[in-house]
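Engineer: Chains H and V, in that order, are what the protein sequence lines are. The first sequence finishes on residue 161 if you use the working numbering, and the numbering steps up by one all the way, no holes. The second sequence finishes on residue 269 if you use the working numbering, and the numbering steps up by one all the way, no holes.
Any given hint could turn out to be false.
What the hints assert, rightly or not - Part of the chain H face toward chain V, derived, beta carbon under 10 Å:
| id | residue |
| --- | --- |
| 1 | Pro-21 |
| 2 | Gly-43 |
| 3 | Gly-45 |
| 4 | Leu-54 |
| 5 | Glu-57 |
| 6 | Ser-58 |
| 7 | Val-59 |
| 8 | Cys-62 |
| 9 | Thr-64 |
| 10 | Glu-68 |
| 11 | Gly-107 |
| 12 | Ala-114 |
| 13 | Leu-115 |
| 14 | Tyr-130 |
| 15 | Met-131 |
| 16 | Arg-132 |
These are computed hints drawn from the structure, not numbers from a lab. Even glycine gets a Cβ: it sits at the ideal position worked out from N, Cα and C.
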Amino acid sequence: MVKCPVKLKVNGDEFELYVEPQRTLLEVLREDLGLTGTKYSCGAGECGACTVLLDGESVVSCMTLAVEADGKSVETIEGMAKGGELHPIQEAFLEHGAIQCGFCTPGMVMQAKALLDENLNPTEEEIKQYMRGNLCRCGTYPRMVKAIIAAAEKMKKSRAR
Amino acid sequence: MLSQYNGEAKPLAGGTDLFIYMKTRQLKPKYIVNVKKIPEFRGLRSESDGLHIGAATTIRALERSDLIAKQYPLLTDVISSFGSVQIRNMATIGGNICNASPGADFAAPLLALGTQLSIVAPSGERKMPLEEFFTGPNLSNLQTDELLVELILPVPKTGTGSAFIKLRRVSMDLSKVNVAAVLTVKGGVCEEVSIAMGAVAPTPVRAKNAEAMLKGKPLTNQTIESAASAASVESKPRTSLRSTAEYKREVVRALVKRCLNLALERGGG
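Between the sequences and the hints, there should be enough to build the whole structure, so can you do that?
Structural biologist: Pasting the structure below:
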């Protein structure tokens, strides 16, 4: 199979890769770049476990080809903590116990980041609507909503500083 | 490019349908051609004949458009119930139409709006009403070397209201049944109406008998009720995984009634 050149900026680092055109962004992140924080689950865009941000917009990486992401910036869960400090969303998820088995968490955190980057004052209803593509089989939804509200407060404070 | 590969290439837009068909081996294209990167295929612009929407415009871009919010409330209904944010960031309006699913969310509303399609082939461009586009479940009049370039939505007349309602099990599900209505009212009388239904026939269809019953008549509970019954009779649902035919017929009646009432309310009639 022919390989195509793909330039990706992942969590700020530039990569030049040669990938087979049928491979998904998720496969390339996990297998070629070793970034296994992003999870594979349904493979059909229904569960949100593989959510990453592509040029700031959340997408399901299991249905995005790596070649489609050429020239774009990708944010994954590995890029959230900076200098050994957790991102406010990660802190809030921990504080509110919004994690049980943790499999859905990387996708949840990235989707929450997309939401809060767009709107730092979401209502509970807006959070539920925005997060409806992220499934949690442990049922942490109510805690997740609380965590996102708390994360928004943290982010507002750190911006005001 | 599509003609060069002789039917073995499939156009790719958002990939949210195509990749599922490929993963389940329902489609096995040898080549895929990414149309999302062609700038002419993206974006919205207002012209004298209506709103032109590029086929590769994402649902998310429609969601952010003031033009859509102001003039086409039924599309806002579609968007707010369409998949998840992630899917709306990826999926495109052209892809939703070209896959020709009988229950595609945008099919019935665009049908009710009287949408025109602009299609390009190696031999040139052609226009086609959306109404003539669908030929069967996942089948359309689009040839393998053709691409849908844009959709043209006529400007709604004053006094027009519209609505879209879909019934499904959970938020990420496909429709069991969906209904769209566009209604123009003048002095309490129905001047123009179009009703379209999804997932109740091999293709999205207009409820022409129901429309004929309303046109030129005053809009009362009674006339709306009879139109809803007529739509239920002319729908041809089949029993599927998602529901039985009998149930879907009842749902058509209920949704047509609700849609007409909502459109009436929004039109200010």
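Engineer: Taking the hints in turn, state whether each one holds.
Structural biologist: The hints, checked one at a time:
For H/Pro-21, the suggested interface contact is upheld, since its CB lies about 8 Å from the closest CB of chain V, less than 10 Å. The beta carbon of H/Gly-43 is positioned within 10 Å of a beta carbon in chain V (closest approach about 6 Å), and the interface hint is therefore held. Given hint, H/Gly-45 at the interface with chain V, holds; its Cβ is 5 Å from that chain's nearest Cβ, closer than 10 Å. Of the supplied interface hints, the one on H/Leu-54 holds, with its beta-carbon coming within about 8 Å of a beta-carbon of chain V, less than 10 Å.
Hint status for H/Glu-57: holds, given a least beta-carbon distance of 5 Å to chain V, under 10 Å. Of the supplied interface hints, the one on H/Ser-58 holds, with its beta-carbon coming within about 5 Å of a beta-carbon of chain V, less than 10 Å. Because the closest C-beta pair between H/Val-59 and chain V is about 5 Å apart, less than 10 Å, the hint holds. Annotation: H/Cys-62 was flagged as interfacial toward chain V, and the flag holds, the nearest CB pair being 8 Å apart, inside 10 Å.
With its C-beta approaching chain V no nearer than about 7 Å, H/Thr-64 sits inside the 10 Å limit, and its interface hint holds. Checking H/Glu-68 against chain V by beta carbon gives a least distance of about 7 Å; that is within 10 Å, so the hint holds. Hint status for H/Gly-107 relative to chain V: holds, with the closest Cβ pair at about 9 Å, below 10 Å. Annotation: H/Ala-114 was flagged as interfacial toward chain V, and the flag holds, the nearest CB pair being 7 Å apart, inside 10 Å.
The closest approach between the C-beta of H/Leu-115 and any C-beta of chain V is roughly 8 Å, which is under the 10 Å cut-off, so the hint is satisfied. The restraint placing H/Tyr-130 at the interface with chain V holds, with a minimum CB-CB distance near 6 Å, inside the 10 Å limit. The criterion of a C-beta within 10 Å of any C-beta in chain V is met by H/Met-131, whose closest approach is roughly 8 Å, and the hint holds. Evaluation of the H/Arg-132 hint against chain V yields a held restraint, the C-beta minimum of about 5 Å falling below 10 Å.
The structure fails none of the hints (numbered hints given earlier).
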